[in-house]
Structures are given as C-alpha cells and as structure tokens.
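Residue numbers (my numbering), protein chains in the order written: chain Y, 628 to 833; chain H, 3 to 625; chain R, 2 to 115.
In case anyone wonders, no lab produced these hints; they're calculated from the structure. Computed from a predicted model, the values in this text were never measured in an experiment. Treat the hints with caution; some may be incorrect.
Stated by the list, open to error - Using C-beta positions, here's what the derived DEER-type ranges look like:
1. H/Tyr616 to R/Lys82: 45 to 53 Å
2. R/Ile104 to H/Leu132: 37 to 45 Å
3. H/Thr322 to R/Asp53: 38 to 46 Å
Said to hold, decoys possible - With a Cα cut of at most 20 Å, we get these calculated EDC-like pairs of lysine to aspartate or glutamate:
4. H/Lys66 to H/Glu464
5. Y/Lys757 to H/Asp158
6. R/Lys86 to Y/Glu643
7. Y/Lys757 to H/Asp247
Every residue, glycine too, gets a C-beta built ideally from N, C-alpha and C.
One-letter residues, chain by chain:
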Amino acid sequence: MAQAVVGGTHQVEHPETSTGLPHVKLAMWLFLSSECLLFGALITTYLLYRGSSQVGPYPNDVFDIPYTSVSSFVLLASSLTMVLALSAAQRTDFGRMRLWLLTTALLGMTFVGGQVYEFTAFVNEGLNLKTNLFGTTFFVLTGFHGVHVTVGILMLLSLVAFSMADRLPGDPAFPVEMVGLYWHFVDIVWIIIFTVVYLVPTGSGK
Amino acid sequence: MGSVSVAAEGSRGLLRRPTANTGFWSWFTTVDHKKIGIMYGVSSFVFLLVGGSEALLIRAQLAKPNGTVLSAAQYNELFTMHGLTMVFLVVMPMSAAFFNYLLPLMIGARDVAFPRLNAFSFWLFLFGGLFLYSSFLLGGAPNGGWFGYPPNSVTDPSVGMTFYALGLLITGIASTVGAVNLGVTIINMRAPGMTMFRMPVFVWMGLVVQLLLVFSLPIITVALFELLFDRRFGTHFFDPVVGGDPILWQHLFWLFGHPEVYILILPAFGIISEIIPVFSRKPLFGYQFVVFSGIAIGFIGFGVWAHHMFAVGLGPVANTAFGISTSIIAIPTGVKIFNWMATMHGGDIRFKTPMLFSIGTVTMFIIGGLSGVMHSVVPADYQQTDTYFIVAHFHYVLFGGAIFGLFAGAYFWWPKVFGRLLSEPLGKVHFWIMLIGFNLAFAPMHLLGLQGMIRRAYTYPETLGLGFWNFVSTIGAFTIAISMLVFIANVIKTQRRPQGVEADPWDARTLEWITSSPPAVHNFDEIPIVHSLDEFWHRKYAEDKSGKLVPVQAGGADHGGEVSHEGGGHGIHLPGPSYWPILVSFGFPLIGYGVIFDWWMAFVGTAIILFGFYGWALEPSAE
Amino acid sequence: MTDTHSTVEGHPEGAASAHGAGGHPSPKEYVRIGVVLAVITALEVATYYVQDQLKGALIPVLFAAAIVKFAIVVLWFMHLKFDSKTYARLFLMGLALAVTLYIVVLLCFRVFLN
Numbered sequence: 628m629a630q631a632v633v634g635g636t637h638q639v640e641h642p643e644t645s646t647g648l649p650h651v652k653l654a655m656w657l658f659l660s661s662e663c664l665l666f667g668a669l670i671t672t673y674l675l676y677r678g679s680s681q682v683g684p685y686p687n688d689v690f691d692i693p694y695t696s697v698s699s700f701v702l703l704a705s706s707l708t709m710v711l712a713l714s715a716a717q718r719t720d721f722g723r724m725r726l727w728l729l730t731t732a733l734l735g736m737t738f739v740g741g742q743v744y745e746f747t748a749f750v751n752e753g754l755n756l757k758t759n760l761f762g763t764t765f766f767v768l769t770g771f772h773g774v775h776v777t778v779g780i781l782m783l784l785s786l787v788a789f790s791m792a793d794r795l796p797g798d799p800a801f802p803v804e805m806v807g808l809y810w811h812f813v814d815i816v817w818i819i820i821f822t823v824v825y826l827v828p829t830g831s832g833k
Numbered sequence: 003m004g005s006v007s008v009a010a011e012g013s014r015g016l017l018r019r020p021t022a023n024t025g026f027w028s029w030f031t032t033v034d035h036k037k038i039g040i041m042y043g044v045s046s047f048v049f050l051l052v053g054g055s056e057a058l059l060i061r062a063q064l065a066k067p068n069g070t071v072l073s074a075a076q077y078n079e080l081f082t083m084h085g086l087t088m089v090f091l092v093v094m095p096m097s098a099a100f101f102n103y104l105l106p107l108m109i110g111a112r113d114v115a116f117p118r119l120n121a122f123s124f125w126l127f128l129f130g131g132l133f134l135y136s137s138f139l140l141g142g143a144p145n146g147g148w149f150g151y152p153p154n155s156v157t158d159p160s161v162g163m164t165f166y167a168l169g170l171l172i173t174g175i176a177s178t179v180g181a182v183n184l185g186v187t188i189i190n191m192r193a194p195g196m197t198m199f200r201m202p203v204f205v206w207m208g209l210v211v212q213l214l215l216v217f218s219l220p221i222i223t224v225a226l227f228e229l230l231f232d233r234r235f236g237t238h239f240f241d242p243v244v245g246g247d248p249i250l251w252q253h254l255f256w257l258f259g260h261p262e263v264y265i266l267i268l269p270a271f272g273i274i275s276e277i278i279p280v281f282s283r284k285p286l287f288g289y290q291f292v293v294f295s296g297i298a299i300g301f302i303g304f305g306v307w308a309h310h311m312f313a314v315g316l317g318p319v320a321n322t323a324f325g326i327s328t329s330i331i332a333i334p335t336g337v338k339i340f341n342w343m344a345t346m347h348g349g350d351i352r353f354k355t356p357m358l359f360s361i362g363t364v365t366m367f368i369i370g371g372l373s374g375v376m377h378s379v380v381p382a383d384y385q386q387t388d389t390y391f392i393v394a395h396f397h398y399v400l401f402g403g404a405i406f407g408l409f410a411g412a413y414f415w416w417p418k419v420f421g422r423l424l425s426e427p428l429g430k431v432h433f434w435i436m437l438i439g440f441n442l443a444f445a446p447m448h449l450l451g452l453q454g455m456i457r458r459a460y461t462y463p464e465t466l467g468l469g470f471w472n473f474v475s476t477i478g479a480f481t482i483a484i485s486m487l488v489f490i491a492n493v494i495k496t497q498r499r500p501q502g503v504e505a506d507p508w509d510a511r512t513l514e515w516i517t518s519s520p521p522a523v524h525n526f527d528e529i530p531i532v533h534s535l536d537e538f539w540h541r542k543y544a545e546d547k548s549g550k551l552v553p554v555q556a557g558g559a560d561h562g563g564e565v566s567h568e569g570g571g572h573g574i575h576l577p578g579p580s581y582w583p584i585l586v587s588f589g590f591p592l593i594g595y596g597v598i599f600d601w602w603m604a605f606v607g608t609a610i611i612l613f614g615f616y617g618w619a620l621e622p623s624a625e
Numbered sequence: 002m003t004d005t006h007s008t009v010e011g012h013p014e015g016a017a018s019a020h021g022a023g024g025h026p027s028p029k030e031y032v033r034i035g036v037v038l039a040v041i042t043a044l045e046v047a048t049y050y051v052q053d054q055l056k057g058a059l060i061p062v063l064f065a066a067a068i069v070k071f072a073i074v075v076l077w078f079m080h081l082k083f084d085s086k087t088y089a090r091l092f093l094m095g096l097a098l099a100v101t102l103y104i105v106v107l108l109c110f111r112v113f114l115n
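Extracted from the complex, chain Y is given alone in its bound form (with noise of 0.2 Å):
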C-alpha cells in the first residue's frame, strides 16, 4: 500500500490513508462533534435561567409560535434541497446542483431574515441582551445559531460562484458534502432549540 497523500487541496476518492476515509471529512466529523458541547453549553444555560427572569417581558409575551414554525419549516426544508443538490453533484449535473444550493442559500437567508425581524420585535417589545435573564439567553443562544446559517450560506454561496468558476478543486460533490453536513448540523441544532425554547411552555406568566 502506498503512502498517504499529503496537503494540497485535493480530496480524492478512495484517498490512501490509515482508515480509507478522506481528511477533510473526518475533521468536519470531529468539529461538529465538538460543537455539540459549545450548543449544549448555551442551551444548558438558558434551561438554567428559564422560569427565573424577574421582570418582563417574559417568553410568552413575546414569542409567536405559528411565525417560528414557518420558519422552522424553511429551515428543514433547507436541508432537503441541500440534499439535492449532493444528489445532483453526484450525477455530475452540475447545473442543477448549483440551482439546489442557491435555493439551500435563499432559504437560509429567508429563515434569518425571519430571525431578524422577530429580534426587531421583540426589541421593540422592551426585550434585549440586557431586559433580564430571558432576554440575556436567548438572544445570545438564538444569535450564535444565527452566525452559524450565515457562515454556513457564505459557505453555499462561495460553491456556487466557485463552481461557476469552475475553481472547485477535484470532485465538486465532495466540498458539497462537506458543506452539507455542517448545513445540516446547523438545522438539527435548531430542532433542539426551536423544542427547547419555543415549544416546551414555561409555566404562566413567565
């Protein structure tokens, strides 16, 4: 067996190394690993502080579920064209891959514009970072979430234009996937979040 190939920007199939697996995939693998701790370190925080605001406004004041839903749905429905559009590299229709993420990316600017304008809302409502602990939490939680979509749509947008360029080194499907997944890490971190701080009722009042 020949020896492992080393740096450049290539990502083979089937690349030589110890476990068969490419590089950049099992360190994609390994850093949404650890993003697990740095979510659950946010959400562990506001579960702490859930219930214990001592002035309004207070999460039912403000929150408007069937607006969240709509974007939840955007958001999971994100997911699936991301989905397509691996399918799609990997039948070398590049034309409609690049279709797949541009919808992935439009639907992932709908989903934080979304954020944006209930933020303006609930600002507007009296909330902000330092309103009380409700306030202190959730924008911080819900706000590191919302860096991580537009990284993540930067990411999108860079392979299309990329792709465009035709500069996307090696096998196109390949950086699609990478992109994909920490896409989809993004989206399975809100269904934690859109349950935990949206969904799950926290007592009258409060």
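Fit chains H and R to the known structure of chain Y by using the hints.
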C-alpha cells in the same frame, strides 16, 4: 532517493505563492511541521522566562510578611498572568512543539494532515499571547485569577478581564484547530503496518490530548463569551442581582479546566514513556496498560470537575459523587507509575540528563499525586481549598510533572532537531539545581497551607508565623531561576557548535531516529513499513535464545527495513509555503482590540479574515 | 479496507431501492424523508394549540419528536447510516459527552425539580 519538489507558481491565486524554504523570512510562510514545532518551542520558552519572572516577583513580595515589593493591584495582575502564561502560553504550546515536530516522524508521515492550518494555529497562538500581554500597556493586565470567577471578573473596572476573555478565545481557536489537525493526522496518516497498537505511547497520548482539547475547549469558549458579554454588553449570565448565578461560570470553567490539566500532563507522560525504555534498554513494561490508562485518564477526566468546587455548597450528593470519581482517577495514574518503575527494574540504566529529568518527573508527580488524592477527600478539602496546600499540589504535578517531563524531552530530542547534543555536564547541573530549587520552593507550601496561609493574597501579617517557610520558598524560586540560566548557557554553547550528530545518538526505539539529525525537509526518503511496536529497535536488534540482544546485520538508521515505494519513482511532493496562515491570524487580535476600544478595528479584522479565507481556498494546490 | 462513500454512485431518479446497497437514497427518497420531517414538525406545532389537553405528556412528546427529527437528519441527510462507522463514533463521542455532562450540571442546579 526521490527528488523533492515544492510548488513554485502562484499566479492563479490572489497573492503570488511564496517559494522560499530557507532564510529568515521563510519562517513566516513555512508550513513545515518541523519548523512550526521549533517556533512553538522557542515562543513557549520565551513565555516560560516571562512567566518565571512573574513568579520571582511574586516570591519576592511574599518572602517576608507585609512585603512592599508589589501593591495589591500589581500582585493580582502578576499572579493572574503567571497562571495564564504557564498554562496557556508555556505548557500547552511547548507540548504542541513536541507534538508538531515528532508526531509525523513517529508515525512515518511527511507532514500533518493540514499543513497551512498547522501554521495558522501557531501564528494565532502567538498573536493571542501577545494580545494578552499587550494589556499591560493598554489599561491593565487581567487581574481576576486565571480562573476568572465572577462577580469579581465581571465587575472589575479595569479592562484586564476583557483582555482575558478575548485573549483566551483567540488562543482557544488556535488550540481547537490544532487539535483537529493533529487528531486527523494520527488517525489517518500512519505508515503502512502501523496499527493503532503499534504506535508509540507518545503518539497515543497525543491522540488522547487532541480529543480532550476538541471536547473541552468549546465549553470554555461559551463561558468566555458569556463573561465577555456580561462585561461588554451588560448581559446577566453571572449577575446575581438579576437572578444570574456565578456558579454557572465555575461549572463551565472547570468542565474545561479539569480536562485541561490532563491536557497539560499527558504529553509529558508520553515523553517519559519514550525516554525511560531507551535509557533502561528495555521495552516499556505493559505498553497496553499504559495506553489504556491514558485513555481512562482522559475519559474519567471529564467526570471530576466539581472537585474544584467542593466548598461552593453543591450539597452532599454532588460532593460525594465527585469525591468518588476523583479518587478513581488516581488508579490509572498509578498504573502508569508502576509501569514506568517496572520498565526500569532490571534494566541497563544510563543516567543521562533525559533520564534524570524523566525520573524527576515520576517522583515529583508521585508527591503531587499524593496531595491530590488528599484533596479528593471532601471534608479534608474544606481545610485545604484556597490555601497554599493546593498551590503546592498543582505545582508538584505541573512543574514537577509537566515541566520536568518537557525538559526531559528537550534534552532527548535536541540532537534530532538541531543536530547537536546538549552538554551532558551542564545538563546534570541544570537538573540537580532545578530539582533542589523546585523542592525548596514548593515543599514548604504544604506546611504553609496547612498552617492556614490563604491563596491569592498579596501579603500576610507577621503574627501568623508564616515568614520562615515563605522565605525558604523564595530562596527556592531564585534557585530555579539559576538553573534556568544554566540551561540557557547550555543552549547557547551547544548551538554555537556545528551540526554533526548521527541519526541515532541514544540507540533509541522509534521511527524518528531513522531520519538524519536534523531530518531532511521531507522526513523520510522512503516511508518505512512497520511490522511491530518499537519498529526501529527491532530493525537494529533481535534476541537470541537466551533473550540477549543481538545486533541485526544491516540494521540501524542507514540501512534496511522495508520501505514503501511511492507512485512509481516520482519525486516527493511537499506542500509549498503560504502567506495566508499568518495573514488570517492577524485579523483575530484586531477583532479583539475592536471589541475593547473601537469597532472599526473589529470590522477590519473580520474583513482580513474573510479575505484571507478566500485567498487560502483559492491558493493553487502545492502538487 | 473500510467502506467509503466518496465515489459517485448516483442512482437514476425514480429508482425503487437505493439505500443499504452501498449507495445513496435517491432524490425521491430524500423528498419522502423531507415530508416525514415536515409532518413531525407540524405535529410538534400542533401541541402548542392543545397544551392543556396533553398536560404531563407534552414534554415527553416534544422531546421524542425532536429526537426523532434529529436522528433522521443525522442518519439520512448527513448519511451517517451508510458511511463508515468511524464518523459515527467520532460524532457520538461529542454528543454523548455533551448530553451527559450538561445533564449533570443541570442536576447540580436542581433544575429538574421544577
């Protein structure tokens, strides 16, 4: 022997890719793990001298009751920076130096999985450390202890603790990125035939450490963001007035902080696990037990964090649970100690400097471990916590354990890295003076702690009768400083001489000793094929029927052993140098300054990072 | 040699069976999975309107739904079900560690005593 080519053209990228592999400026663009390892080593050594000087100032202040060397405010900055420096800017990067230099060589690889990311990790660490230290000139250094407990760390009006949060966030990113890099390297780039259980123990400890980093750093990242937001944006994460809980910080900090101490000690354990067998001319006793105990320490290390919080009021259930888990973690550590001792037993021992430091590591760590086990008894810890008894404990394990182990590694691998052997007589002088100074400095702290001397206090009254042992401790500290001068003199004297050491001056056991001293840029002319643990040793020696060592014909560094043949006799391709790692890392401290002083700097920093990422991604590949 | 799925093994759209045979689910299958996820989400949102009727069952139902969705996305969309077990082991390490550690932290704060 294949020819080595390095990528030359750079016109398709945003910047012309650099090409130089030698010369002063090439260090700024290198992606060679060996050069990066050396840079980690030099930087961490400089920080060691700085952190050591901070310690000398602390000891000068505490030498007598009612000391006047430092004000209370200065004292707070110094003991905080001393701790931050030693943990984040000395032991961690010094371990990174050894991992970076040696891991690829030990597993038979030519570099790490992501060479440019490797350079990025180094520059980000260096800039993070400089950012932290710039605080002295920009409003005041961190002064809330390395552990940064709120409410104090939130409400302190000086800018220091904001530097603390941002500085550690920056170095944390560097370490996380590095951990993913080295973790993938170990899992994925081993030479043919090197199964996991044929890896040297140092490599195993490397793998455990990278996993510990990857899983613990995110936790302190969140804690630091929450602290930063409380300070800078008025949030209430730790604000008791509004219902926040400072204890949340303690949990999050120690969830990281405890695995962190195993991150600090396991590299040294790995180092001495390589040295002791070489200088006993015996294989490591119980290799599998040493490996599994390392894994166990890493795993259990995540389950003991609240033993730093016994006096906080968590209640008897929590205290009991964590007391038990803390006692349990002594077991795998003990296993390692017995294995090292059994390795030496019956061996043909050569008491060279690396071996002296290794034995020092084991003995000093035993002492530190004993006090550690005493802390695990919860009611006893009520007496010990926040006293100098704890200070004694962690200096025995971190200085006596980690630093001694790192010096052992320095003496051991110096010939490989620099092609020259450090002076043996000076090395021995260094060792003995350091050992004596170290024990003079820290042994009395056990007594001082039990006599009631509290931590983190800039002075103590005369009436407590603590003066004598404090004075002895200060003598010890300055004795350590003298031993450091001896080491520096040794280095200067050694580096003045021309290179000329053979590949294998110690008659060692692992693959890095096959390469020349120093290794060629491409490490191995041909990648070795591995058939066993201690592959290199078995190429040199076989055992006859009575178990005696018999040299193998045509064994050793110059000859022999199976090698793999890469792709049909083509040249060896190495990744070329790059500007992007250092450029991108420059954006991070800028963001830090922006958050503290003026937002435009943060925007510039972000722009640099974004621009840099695209430049990095578009850089023509080095093949 | 460990299994790896970085090869391009597309299935023509409309292929009846796809997964398990070392290949990827077809686009149609992915859409079906997407529909399942949407239905579960709709059910979750529905609980908002019948909270009082569900009483004590509300939180277990919500958590079960979240976990199922999480698993579906990880196993199918992120392809962990079909890929090398190494990835799953690495990911599970972090996930299991996070769940365990943070439950202990919340226990220390007696959060579950309502």
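Results for each hint:
no., hint, verdict
1, H/Tyr616 to R/Lys82: 45 to 53 Å, "violated, 34 Å"
2, R/Ile104 to H/Leu132: 37 to 45 Å, "holds, 39 Å"
3, H/Thr322 to R/Asp53: 38 to 46 Å, "holds, 41 Å"
4, H/Lys66 to H/Glu464, "holds, 8 Å"
5, Y/Lys757 to H/Asp158, "holds, 18 Å"
6, R/Lys86 to Y/Glu643, "holds, 18 Å"
7, Y/Lys757 to H/Asp247, "holds, 15 Å"
In summary, the one numbered hint that this structure violates is 1.
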